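Each chain, written out:
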Amino acid sequence: MDRLDSHPVEVIDRSGRVSFQFDGRTVQAHPGDTVGSALLASGLRIFSRSFKYHRPRGLLCVSGNCPNCLMNVNGVPNVRVCTRPVEEGDQVVPQHCWPSLRWDAMALIEKVDFLLPVGFYYKTLYRARWLWKLAEPIVRRVAGLGRVDSSRSPAGHYEREHLFAEVAVVGGGPAGLAAAQAAAEAGAEVVLVDEQPELGGHLRFERAKLEDPISGETGEGFELARSLAEKVKNNERIRVLSPARAFGGYEGNLIGVALADRLVHLRADRLIVATGSFEFPGLFKNNDLPGIMLGSGVRKLLNLYRLKPGKRAVVVASNDEDLALALELHEAGISVVAAVDQRLESSDSALIRQLKQLQIPHLPCFAPVAARGRSDVRALEVAPVDAEGCLELDKSRSFPCDLVCISTGRSPSVELLRQNGGKVRFDPNLNQNVLDSIPSDFSAAGHINGLKDPALILLQGRIAGLEAAESMHPLGVDLKEQLQKLRDNLDQGRSDWRETVVPSVLFTTSSAVKQLVCLCEDVTRKDIDNAIAEGFDEMELLKRYTTSSMGPCQGRMCSMLVAGSCAQALDRDLTTPGTTTSRPPVHPVPLGVLAGPHHYPVKLTPMHHRHLEAGAHQMDLGEWKRPHTYTSSENEWEAVRKRVGIIDVTTLGKLEVQGRDAPQLLDLIYTHIFSTLKVGRIRYGVICGEDGIIVDDGTVSRIAEDHYYITTTTGNISFIESWMEWWAVVYGYCAHVTNVTGDFAAVNLAGPNARDVLSKLTDIDISSDAFKYMRFEQGEVAGIPSRLLRIGFVGETGWEIHVPSSYGEYLWDTLMEAGEEFGILPFGVETQRILRLEKQHLIVGQDTDALSNPLEAGMQWVVKFEKEDFIGKHFLDLVQSEGRRNRLVGFVTDELVKEGSAVVTAQTPVGRVTSARMSPILNRCVGMAWVPEELAEDGANFDISHHDSLVSAQVHQAPFYDPTGARLRE
Amino acid sequence: MSFLIACPNCGPRSAYEFRSGGEYQRRPSGDAPDRAWAGYLYFRKNSAEEHIEWWYHSSGCRLWFLASRDTSTNRVTGTFWPEELKKRGPSPDAESPK
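Chains as they are written, first to last, in the working numbering: chain A, 16 to 985; chain B, -8 to 89.
In short, the hints are calculated from the structure, not lab data. Source: prediction; values computed, not measured. A couple of the hints might just be wrong.
As the list claims (entries may be wrong) - Just some of the chain A residues that point at chain B, by a computed CB distance under 10 Å:
hint : residue
1    : Leu269
2    : Arg282
3    : Ser737
4    : Val745
All residues carry an ideal CB built from backbone N, CA and C; glycine is no exception.
Please take these sequences and the hints and turn them into a complete structure.
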């Protein structure tokens, strides 16, 4: 298609060329084109197929609102090509059609539309269940819009940004630009969000001469738009997000913004909504044929891209501004065969005289009845409207044409305001929705308020900007005076702006013909009438039953038509139906943008690289990476039991508790007593919830009277930290809890030769008499200031050595070197699990769950009922008095059973296995299991379900290895 | 849930930086009946009005404080340290538990 003569209003660069692929052919475009404008220029008329009936659809709104131009661009489905700028090499493919847009086999579905009445899935497929089985695969196949390419990996593709602004402006039209500029001038930090490829809003394609009432600048609309946009872009206090869609308003003045592949959380002290208004189509037979476009869309195509969307046009409008499109079309060399004026009162304005001069037939009090054509509009039939607003069909006239420009009515884009508590009502005098109330911290400016005169829009934008900034930055004398003057000006102008809002008209026609109310979901006038007849006569119900307004346009094209149809069917006026609740997202947002980047934090110990060098198999433990095994658990087990082994236990949670009341705090938190613990000693402790359930366990070392060093399980540290701090605050204890997990690297050196290794590196007397089991000392190991804890999780003589984490790797290297002559081996988590199981040391979270209390877990000795109070005391008292029901016991079997297997007696599951491993020392399977109290006796037998058979197990109450703990104390 | 909470230490921050500690309530004494303990442990008022609750600034200063929030609007009308509870009037709930 040839372009019109070059004009400064155009946004295309005619000297440049861009080419892209569309459905297997190459399409040429200019820089500045959108995919949609380039395709229209290449002669494409059908851009998509409709959701349900696969009706042909062409460009309609050309502003990214309607569902008519959804295509797959570079593998991304449902892209609105009318606002997607062309990029070299784009791969554009039509969707929802087969074999092609022009010939779509699925269009046959319209022939059987009687099978698909409104709510058909509630009516037709529920009675015979077997039928649904047959129908479901078919329904699933044909339903939906666009295909997601699951082979595309989104990893690292999406990002997230948190933005704070003093003033946020949504909408980059004249009102938004003026507001942003004014707020910044007054000293506010501003963020401006606009969804179009360029700032300027509708002024971008406005060619009328205008005067900026603030700067006094005059020029054609688009020139003013560019100069305003330039000023805003160059203002250091304004950050522009464009093209970006503000898709939702949330509590706390938060606006969700989709900026390409980035989700922006935009929070502002004050928000100015200058989102303007949008046009919606009219209701008549075949109102969705390609070639029928919204008036504003046609103006964009004519001016921005200099395209002629047709040769013979009919203009349908309800006011002079929209009717003036006929002049623009005439000037572009498009023959206007009729200017249909839907106003009930005929008027005689300068415009109408001008139309007559140009011999454009002006039809006052007429309305469209039907469009003719199969895949393209060929003619428009119009009929006069009588005084009651009824169409006189017998007097209808038909105009052959290939373009219909519809300007039925406008609705303000009030979604963001409504989502924050703003209210909208239908004004019967203006025949339009108007803002009734605006939430606090918000203001609205421009078209959204019904303003049409660009000068008033600029004025109101500036007022809104100054007022928003004023709450944070007191205005100077100049700006204060200016604000007052602007207010006066607007008040004078106010008298005439409302009158320019002109009725959107809904005329009575028969509903027996195809009139599309909701373009997204293919809901017809008949569907609405049927739904109302079935009793769904309230807007919210009607929406859910017919799915109207639930498609990609989110009701922008249809909500007024649904409300009008509903009002007409019930013989009410339009104030009654109201509107449906507005919820985010206002626009479709790719799920990836909401899901965000796939980043998982990983914590590595200082010795991590040594583990990798030693060939460790890594495993995930919470956010940590830990060695599972290095060689084999048998090898490692043998080193620990017979020589010496070393394990990295840096991941243990570590807390320092200090302060005068630290002993009281620990006595409250733990079931055990720690106020009596002597300095330099260590005690094992269990933490319970208020319900007596085990939350955590670990060692508590007393460094000084008012200073404890605590270890917790790896995954629980954050919780325990906040738990302790909370109780300290609740009781007003003078105790300070500090999480030092990352500050210390730690290893456990254990085995018969552990003392030999350690004595090479330290001057501390570590003989068994001087450094007893469960003692704590501070001193130097390998020259590093260290904390030594003599404890024995694995059941051998051993020390936990805690050093500042920067020395972790050095400590590891030194210990490995010192241990070489004794055959030292590093061991992993898996080996540690076998070693501790042989000692029947439980692991919280592995052997306990949300029902495990320490009494039943076989740790009565840690619960000190003699204490006045501790967390969980009341409920543990109850367990004590009512008697234990279950017990955690050790067991042996001949065969390795799986963790989680059921404990069975008399063919009934009565418990479960929590841990099980082959013990090299017994050469049998050892484990722990929850069993009923009556089975918890040493030597008792029970069965474990294993691969559909039963394995016989025997309770073993004492540790399997070194039951007296002699080796620990050696 | 996108409201702001003004941490008494750090100032207004997104609610996502905090962990809720639930409604403020009194811990029963050791000799209180089972019913009182069950109520403390398992029952919350959860009423649609302003109430006092615990918040922990887990992604910030890691301090516990109290906030008064309207559960129906998520508007946080005030935040304060627990020791200020007593100054806030004689509400039976608004007392230190021990």
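Hint check:
no., hint, result
1, Leu269, "holds, 4 Å"
2, Arg282, "holds, 8 Å"
3, Ser737, "holds, 5 Å"
4, Val745, "holds, 6 Å"
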